[in-house]
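> If you want the building blocks of each chain, they are given just below.
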Amino acid sequence: MADVPTLELHNINKSFGPVHVLHDVDFEAHAGEVTALVGDNGAGKSTLVKCISGTYSIDSGEYLFEGKKVHVHSPRDASALGIEIVYQDLALCDNLDIVENMFLGRERTKGLVLDESSMEQAAQETLSSLAVRTVRSVRQRVASLSGGQRQTVAIAKAVLWNSKVVVLDEPTAALGVAQTAQVLSLVRRLADRGLAVVLISHNMNDVLEVADRIAVLHLGQMAAQVARKDTNQQMLVELITTGRQGVDGPAAAPSANEVTA
Amino acid sequence: MTSLSKPSSPTDEHTSDTPDDADAVAVASTAPVSGGIVRYTRTYLQRVRGGDMGSLPAATGLVILIILFSIVQETFAGLYNFGNLLTEGAGPILLAMGLVFVLLLGEIDLSAGYAAGVCAAVMVRLTSGYGSPWPVSIGAAIVTGVIIGFVIGWLRAKVRIPSFVVTLAFFLAFQGVMLYIVNNGKGQHGDIGMTDKVQLAFENSQMPVWMGWAFGIVFVAGYAVAKVLGRISRMRQKLAAEPLSVIAVKVGALAIGVLLAVYALNKNRALHTKPILTNVNGKLQFVKPPAVQGVPWVVLVIAGFFVLWTFLLARTRYGRHVYAVGGNEEAARRAGIPVDRIRISVFVLCSGMAAVGGIMIGSNVSSVSVANYGGNTLLLAVGAAVIGGTSLFGGKGKMIDALVGGAVVEVIQNGMSDLVKGTNSSAVQYVITGLVLLLAAAVDALSRRRAGASGLG
Numbered sequence: 056m057a058d059v060p061t062l063e064l065h066n067i068n069k070s071f072g073p074v075h076v077l078h079d080v081d082f083e084a085h086a087g088e089v090t091a092l093v094g095d096n097g098a099g100k101s102t103l104v105k106c107i108s109g110t111y112s113i114d115s116g117e118y119l120f121e122g123k124k125v126h127v128h129s130p131r132d133a134s135a136l137g138i139e140i141v142y143q144d145l146a147l148c149d150n151l152d153i154v155e156n157m158f159l160g161r162e163r164t165k166g167l168v169l170d171e172s173s174m175e176q177a178a179q180e181t182l183s184s185l186a187v188r189t190v191r192s193v194r195q196r197v198a199s200l201s202g203g204q205r206q207t208v209a210i211a212k213a214v215l216w217n218s219k220v221v222v223l224d225e226p227t228a229a230l231g232v233a234q235t236a237q238v239l240s241l242v243r244r245l246a247d248r249g250l251a252v253v254l255i256s257h258n259m260n261d262v263l264e265v266a267d268r269i270a271v272l273h274l275g276q277m278a279a280q281v282a283r284k285d286t287n288q289q290m291l292v293e294l295i296t297t298g299r300q301g302v303d304g305p306a307a308a309p310s311a312n313e314v315t316a
Numbered sequence: 002m003t004s005l006s007k008p009s010s011p012t013d014e015h016t017s018d019t020p021d022d023a024d025a026v027a028v029a030s031t032a033p034v035s036g037g038i039v040r041y042t043r044t045y046l047q048r049v050r051g052g053d054m055g056s057l058p059a060a061t062g063l064v065i066l067i068i069l070f071s072i073v074q075e076t077f078a079g080l081y082n083f084g085n086l087l088t089e090g091a092g093p094i095l096l097a098m099g100l101v102f103v104l105l106l107g108e109i110d111l112s113a114g115y116a117a118g119v120c121a122a123v124m125v126r127l128t129s130g131y132g133s134p135w136p137v138s139i140g141a142a143i144v145t146g147v148i149i150g151f152v153i154g155w156l157r158a159k160v161r162i163p164s165f166v167v168t169l170a171f172f173l174a175f176q177g178v179m180l181y182i183v184n185n186g187k188g189q190h191g192d193i194g195m196t197d198k199v200q201l202a203f204e205n206s207q208m209p210v211w212m213g214w215a216f217g218i219v220f221v222a223g224y225a226v227a228k229v230l231g232r233i234s235r236m237r238q239k240l241a242a243e244p245l246s247v248i249a250v251k252v253g254a255l256a257i258g259v260l261l262a263v264y265a266l267n268k269n270r271a272l273h274t275k276p277i278l279t280n281v282n283g284k285l286q287f288v289k290p291p292a293v294q295g296v297p298w299v300v301l302v303i304a305g306f307f308v309l310w311t312f313l314l315a316r317t318r319y320g321r322h323v324y325a326v327g328g329n330e331e332a333a334r335r336a337g338i339p340v341d342r343i344r345i346s347v348f349v350l351c352s353g354m355a356a357v358g359g360i361m362i363g364s365n366v367s368s369v370s371v372a373n374y375g376g377n378t379l380l381l382a383v384g385a386a387v388i389g390g391t392s393l394f395g396g397k398g399k400m401i402d403a404l405v406g407g408a409v410v411e412v413i414q415n416g417m418s419d420l421v422k423g424t425n426s427s428a429v430q431y432v433i434t435g436l437v438l439l440l441a442a443a444v445d446a447l448s449r450r451r452a453g454a455s456g457l458g
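Quick mapping for you: the protein sequence lines, in order, are chains A and B.
With the first sequence counted from 1, adding 55 to any position gets you the working numbering.
With the second sequence counted from 1, adding 1 to any position gets you the working numbering.
Treat the hints as calculated values from the structure; they're not laboratory data.
Simulated restraints on C-beta separations:
hint : chain 1 : residue 1 : chain 2 : residue 2 : range
1    : A       : 163       : B       : 214       : 33 to 41 angstroms
2    : B       : 264       : A       : 131       : 54 to 62 angstroms
3    : A       : 161       : B       : 78        : 50 to 58 angstroms
4    : B       : 450       : A       : 216       : 34 to 42 angstroms
5    : B       : 162       : A       : 161       : 25 to 33 angstroms
6    : B       : 148       : A       : 240       : 51 to 59 angstroms
7    : A       : 167       : B       : 264       : 28 to 36 angstroms
8    : B       : 264       : A       : 186       : 52 to 60 angstroms
9    : B       : 181       : A       : 68        : 56 to 64 angstroms
Cβ coordinates follow ideal geometry from the N, Cα and C atoms, glycine included.
The following block holds chain B by itself, in its conformation from the complex:
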């Protein structure tokens, strides 16, 4: 990063005494800018023009894709598919959340997909084969993930094998480990069906309607409270604080988005609503099919981890150190930051999140088999983080990138799946997904160049 931005230094010096200096400073600022909503918007636009785009390209792309698929494919915009998008996208999004930590250090974890598979296999083998209660087997899966992450991190930080190589090795090895677990031990072999109600519930059951509303309201209220408290704290120190109008707009926008989503999910989205002739206790009767309504439980899992990791990255000393090591490892070391420990910890978080994602992938298809964790699982998750705006070069990225990028990837996967009929459907889907990832990486590289020139890093 240093080498990229250094050539820009002389130009900065020239601008530093011009009248619009205040604006230039505001653009490069990481803290709220005083003034009204107009100034705020202007600064934001300048920042985007300067190359600091965050998830904006991904969010724009998401909107365009949704509009596009809604027009060309009638089933896409339906309520049923909306629920589907959330449950299908959950696994990759959770994987991508873990990968954000690793990418922030400029590292990569190619093994996360099969690590997710190994963890899910451990879980399902324990419950379906040995009858362990669900908290034990889920705990075992996550502990497995943590151990995997520790080993990868240790090999990277202490033995100094590049993470690409370490995780490529584990990508191959874990495929074997997973195969072994699904083909040995008590219970089914090969494709192991999930039997535990709680494990199935993540992806296949919904919150009660009232709870969905409560969850939505708590989420929005929490955001509002955090924003207002931040403002009060800054005002108390007589520092420039985010204007109330901006906070109001942000909270309002979030409230509309979240509550609309909750409203949509709380409607019955079952594909068949007409009564069906069914055999009830030996008599044929017309029975209404069960309603599918409510926010899927997995949304709570995603929201919980999203809030937790956002807090960790943005508000704690640990998060600051992750950014510092990603930005300039040598500077971090000289500042007394335990660089190796930070490096190991991000791999632990990544593989731990892979375990969570792996459980959700299994829950989505109600079984665990090697096929569901190989293929593109990992690459789509990395793609999600990068499309969302996390840099592959380290030091830049946020947890929201995993959400927005994951949504883009899922919308493409889902929208393309029925779009092109016939034998070439998946061929086209692969090509399009690849092109979108390429586009995202190009935006990343170009915005870095721009940010280097405008000092936005």
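Chain A on its own, in the form it takes in the complex:
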């Protein structure tokens, strides 16, 4: 896909008082690709995501969406562009069911009355279009769902709203092996549908399994943005911990514990 990136950031700077968190960060996410954003704790991943989502406004730098310069000052600006953030602590209401959660804040109505049937229908269609088979009824309360199912619902919400960019913040952090596999395959399907997916993860296995492109943040600077095929676990770990590729370079022999997709 040699086109314009859906989301493009140039020379982003962000400080909190004297603390300079992001230094001239460049980042891009392409439609149809999973871009992983990795980095150690405190590298600035969350800050970058909050800049993308409009929770924080950037101090300087360019924010381009589909090649056009835009100003994103609030989460509403971001969602108006079609950028959806799926947070780690899942923004779902336990006391509401799946349909109610997926349409929360954007309910369909007929006059004054909620149009329940049409919302249920649409939620059902979205889930089946994503080949989600783990959720049996869209009228289940979210409280009755497992962690993986909740994550699925949160992700499907982004699809329902025809988002162009979906940012997933540690979607597999609290999940077991089988659930992680389900969520990762869902992430893949999102990209295959032509969305630009940004995956933030600590888990190298997940990243290497599903990402097309990997961006590494180190101490607030973009250490590298590399294609999946040009990298391996050892290289990534080195980038994350030191911000540089080791003296051995990418040609180093694959380590014993490397897991490839």
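With chain A's structure known, arrange chain B on it following the hints.
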């Protein structure tokens, strides 16, 4: 809520591939389940076992209490007392309806009792003192309630003072405000008699017999139409719809209940029916005392608000947002719901309903004085909502809880009042009411724990 249900997640995953998965899903479902009445009943029972009991404990308790009091106290089950229960219970029930909104957000309004008093005092001061026509004074009372609610809500949402503290402060302050209004201005002071016919009529007059029937039939028919329309809408989208047999049973049960009540209220329930020797234009004559029959007007007020608020909570975007903010405030905020505005609005609704309840309390005793709004007024209303099944922790509750819980509280108050004779009668009454509230709160807490484990939230 999140923290409670999270530990259950792993177990859910295990059950999700077992053969009885369909049933488990049906139990956790908020929408009608397809299949016949047998499946429906089975699902309902499972849901109850899972801890999602709604008003069931309260309804069961109500039936037991009614049977109990009917046996031990001969005057309890009489027609006269039935009318009495409705008119006495109206005030607390209307207050409880407002409190349901506040409780749904996990908030509390301790000032609702005296807010009701302030509003009623405004009304009665205007009519009895300054001769305002009844629509003006009732309007003024409700506007007063709305303003009070707005101030409380604003202090909670914008200044971020916990609602317990804000409303505790207003509980004290409103007592003073009410005292001031009843002791100053034109007209009577202290205990202000209600003079306006319409204001007195709410609790002291009845609909004509035909109107009671018409009202009952319209109520049941409305319920039936809503159910059938809901079914048609779901069928059109090829979604699982409530089976006709279940709708028939529900409508039938409601029809029997409502029409029996109307029938009972339409009979003459006056305590004295024999002619009494009376002075008529200077001549002594035997005159039959006036018949007391018909549905009290206040029932129309309760039914009207009940339908309105049920619709608002269950069928509109606003209602959905109230549940969302009560369930997970952060999620609601991220979904773009104006959380602060919702929070202010529930206090406005609560104090507005307090005004309505306050007017009815005044109408019931034909006067407004501080004594009738202090004491237990507020706590009984909160108790009513909680006994009915509304959670104190937010996110769970329905308007019907105020009705069922209010009925339980009223039946205890009324049934106990003459049960224990002598000096300790009110002592016993307080203890029993307290214990019932404790029981209800225990059911709430235990069912939450259970619901957490079975994923019913």
